[in-house]
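Residue numbers (our numbering), protein chains in the order written: chain H, 1 to 101; chain C, 1001 to 1323.
Keep in mind the hints are simulated off the structure, nothing from the lab. No experiment lies behind these values; they were computed from the predicted model shown. You may find that some hints are simply not true.
Unchecked claim - Here chain C is said to cover these stretches of chain H; the calculated rule only asks that three of the stretch's residues, wherever they fall, bring their Cβ under 8 Å from a Cβ of chain C:
{"no.": "1", "stretch": "8 to 20"}
{"no.": "2", "stretch": "30 to 39"}
{"no.": "3", "stretch": "60 to 70"}
{"no.": "4", "stretch": "76 to 82"}
Unchecked claim - One side of the interface only, derived from the structure: several residues of chain C facing chain H at Cβ under 8 Å:
{"no.": "5", "residue": "Val-1021"}
{"no.": "6", "residue": "Asn-1025"}
{"no.": "7", "residue": "Val-1027"}
{"no.": "8", "residue": "Tyr-1044"}
{"no.": "9", "residue": "Val-1045"}
{"no.": "10", "residue": "Val-1066"}
{"no.": "11", "residue": "Val-1072"}
{"no.": "12", "residue": "Met-1073"}
{"no.": "13", "residue": "Gly-1088"}
{"no.": "14", "residue": "Ala-1093"}
{"no.": "15", "residue": "Leu-1101"}
{"no.": "16", "residue": "Val-1109"}
Said to hold, decoys possible - Distance ranges between label pairs, derived from CB positions:
{"no.": "17", "chain 1": "C", "residue 1": "Leu-1297", "chain 2": "H", "residue 2": "Glu-95", "range": "42 to 50 Å"}
{"no.": "18", "chain 1": "C", "residue 1": "Phe-1070", "chain 2": "H", "residue 2": "Lys-87", "range": "12 to 20 Å"}
{"no.": "19", "chain 1": "H", "residue 1": "Arg-97", "chain 2": "C", "residue 2": "Ile-1311", "range": "36 to 44 Å"}
{"no.": "20", "chain 1": "H", "residue 1": "Thr-96", "chain 2": "C", "residue 2": "Ile-1105", "range": "44 to 52 Å"}
We treat Cβ as the ideally placed atom computed from N, Cα and C, and that holds for glycine.
Spelled out, the chains give:
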Amino acid sequence: MITLTHYVVLSALLFVFGMFAVLTRRNAIAILMGIELILNAANLNFAAFSKYVVGGVQGQMIAVFVIVLAAAEAAVALAIILDIYQKVGTISPDETRELKG
Amino acid sequence: MSVGLFYLFAALALVSSFIVVTTRNVVHSAFALMGALFCVSAFYVFLDAGFLAAIQLLVYVGGILVLVLFGVMMTSGSLVMKLRAPVGQLLPAGLVGLVLLGLLIYASVTADPWKQILIAEDESGDLKTQIDAAAAEEETYSGVQTQTIHPRLVFEFAESEGYERDILPTRELSDLVERSLTRLDTQRLYVVKSQPSPANPRRHLVIVERRVVSLLDEADSANIPQEQADLIAKDVAERTPIGFDEPIRRRPALLVITGLKGGAREKLAERFGIEPVSDLKTSTGLGDAVMMGEFLLPFEVAGIILLVALIGAAVVSRKEIEA
Chain H
1 MITLTHYVVL SALLFVFGMF AVLTRRNAIA ILMGIELILN AANLNFAAFS KYVVGGVQGQ
61 MIAVFVIVLA AAEAAVALAI ILDIYQKVGT ISPDETRELK G
Chain C
1001 MSVGLFYLFA ALALVSSFIV VTTRNVVHSA FALMGALFCV SAFYVFLDAG FLAAIQLLVY
1061 VGGILVLVLF GVMMTSGSLV MKLRAPVGQL LPAGLVGLVL LGLLIYASVT ADPWKQILIA
1121 EDESGDLKTQ IDAAAAEEET YSGVQTQTIH PRLVFEFAES EGYERDILPT RELSDLVERS
1181 LTRLDTQRLY VVKSQPSPAN PRRHLVIVER RVVSLLDEAD SANIPQEQAD LIAKDVAERT
1241 PIGFDEPIRR RPALLVITGL KGGAREKLAE RFGIEPVSDL KTSTGLGDAV MMGEFLLPFE
1301 VAGIILLVAL IGAAVVSRKE IEA
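Please construct the entire structure, taking both the sequences and the accompanying hints into account.
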């Protein structure tokens, strides 16, 4: 039988993978993918707790919000990344240190 | 859902997210991310969140991933870039990741606060069987609120009401079951259902608002007499569930009626002046009805946030071209 703990452990693993990507990647887009993994891990927790603890669809509703937030964040972040690429010529977060523009 | 399917998708999700983190090619990374997102949407299906699974596929796999791929194509001189960090950065990151993973798993497996509320054991096993049967029925009739009503919730409620463990007389026990079921209910979803009692098929178990209201003797398995439907409707309208200030007089947002056949269902729906939502077999259908009924406003707000972000993104990239 699948319990809540299964889902929580799974999402912990996904979260750590995402965090590892954010910490080690040297490409802004790869970092963005890590953030998507982290958000998915959180969403999985919301849906799992919604089913096993709370009942109803409140948790799912929060998850929908998070998905929308992720979409908005991806759109804005990619626009910024493209901008930086055209200005600086690289999207490595280590090499783009100037904030003055 | 079979356990094997869960582990299959879990393995797929973990392998593909591992590839996302480790591969040197950004495009491979993006495609592995697609696999991981797909697996997560499969988990949503397992969790009776069909609507969420659809949104996940639509927005993530259809939208965000394509966006990311465009980003990759527009920013990369060569696809295989210096993705990996130097060892001096990998080691601390791996260490932090492992420690965090250990902490998270330790917390969720051992501390497990949402299970610690099991404070009493039902020694005769009678109550547990009853509640399990009721919970099993709840799950089969549809997935509205698919949460299983665990005996522990009843016991937790009993404890919070000041009862001693093991000293719960039968009548008070059944009362407690009712009250804890009510407490779990959402405020505006009323469920009326009628099913043959597991113990005696000639008796009908009528559950209103997830509470066992009465056992109707000699109810026809295919039909419930009009008078009894009237009684049920009256009961729904006049009861004051615990935790609510007044009887349910206003129009329910959604009235789910299963098990009642013939004129009884229409009559019950008419009593509340709403269209009967009948014959909802799948959890997705009902979940969507709830999502669209109760949460339409938040959904619209979410849509507006998305729209504003998209316009902002367009402005940011247009500015560069004009400059």
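Status of each hint after checking the structure:
Here's how the stretch 8 to 20 of chain H fares: 12 of its residues keep a CB closer than 8 Å to some CB of chain C, so the rule of at least three is met and the hint holds. Counting residues of the stretch 30 to 39 of chain H whose C-beta lies closer than 8 Å to any C-beta of chain C gives 6; at least three are required, and the coverage claim holds. Counting residues of the stretch 60 to 70 of chain H whose C-beta sits closer than 8 Å to any C-beta of chain C gives 9, which meets the bar of three, so the coverage hint holds. Residues of the stretch 76 to 82 of chain H with a Cβ under 8 Å from some Cβ of chain C number 6, which satisfies the need for three, so the listed coverage holds.
Satisfaction of the interface hint for C:Val-1021 is found here, the shortest Cβ-Cβ separation to chain H being roughly 5 Å, below the 8 Å cut-off. Violation of the interface hint for C:Asn-1025 is found here, the shortest Cβ-Cβ separation to chain H being roughly 10 Å, above the 8 Å cut-off. Taken as an interface hint, C:Val-1027 does not check out: its beta carbon lies about 10 Å from the nearest beta carbon of chain H, beyond 8 Å. Nearest Cβ of chain H to the Cβ of C:Tyr-1044: about 6 Å, under the 8 Å cut. The hint holds.
This hint is violated: C:Val-1045 has a C-beta 10 Å from the nearest C-beta of chain H, more than the 8 Å allowed. A cut of 8 Å between beta carbons decides the hint on C:Val-1066: the least distance to chain H is about 10 Å, and the hint is violated. A cut of 8 Å between beta carbons decides the hint on C:Val-1072: the least distance to chain H is about 6 Å, and the hint holds. Hint status for C:Met-1073 relative to chain H: violated, with the closest Cβ pair at about 10 Å, above 8 Å.
At its closest, the beta carbon of C:Gly-1088 sits 11 Å from a beta carbon of chain H; the interface hint therefore is violated under the 8 Å criterion. The interface hint given for C:Ala-1093 holds, since its Cβ lies 4 Å from the closest Cβ of chain H, which is under the 8 Å cut-off. For C:Leu-1101, the interface hint holds, the least distance from its beta-carbon to any beta-carbon of chain H being 4 Å, beneath 8 Å. With a cut of 8 Å, the hint placing C:Val-1109 at the interface with chain H holds, because the nearest CB-to-CB distance is about 6 Å.
The supplied range of 42 to 50 Å is met by C:Leu-1297 and H:Glu-95, whose beta-carbon atoms lie about 45 Å from each other. Checked against the given bound of 12 to 20 Å, the beta carbons of C:Phe-1070 and H:Lys-87, roughly 19 Å apart, stay inside it. Between H:Arg-97 and C:Ile-1311, the C-beta spacing of about 29 Å breaks the proposed range 36 to 44 Å. Between H:Thr-96 and C:Ile-1105, the C-beta spacing of about 35 Å breaks the proposed range 44 to 52 Å.
The earlier numbered hints that this structure contradicts are 6, 7, 9, 10, 12, 13, 19, 20.
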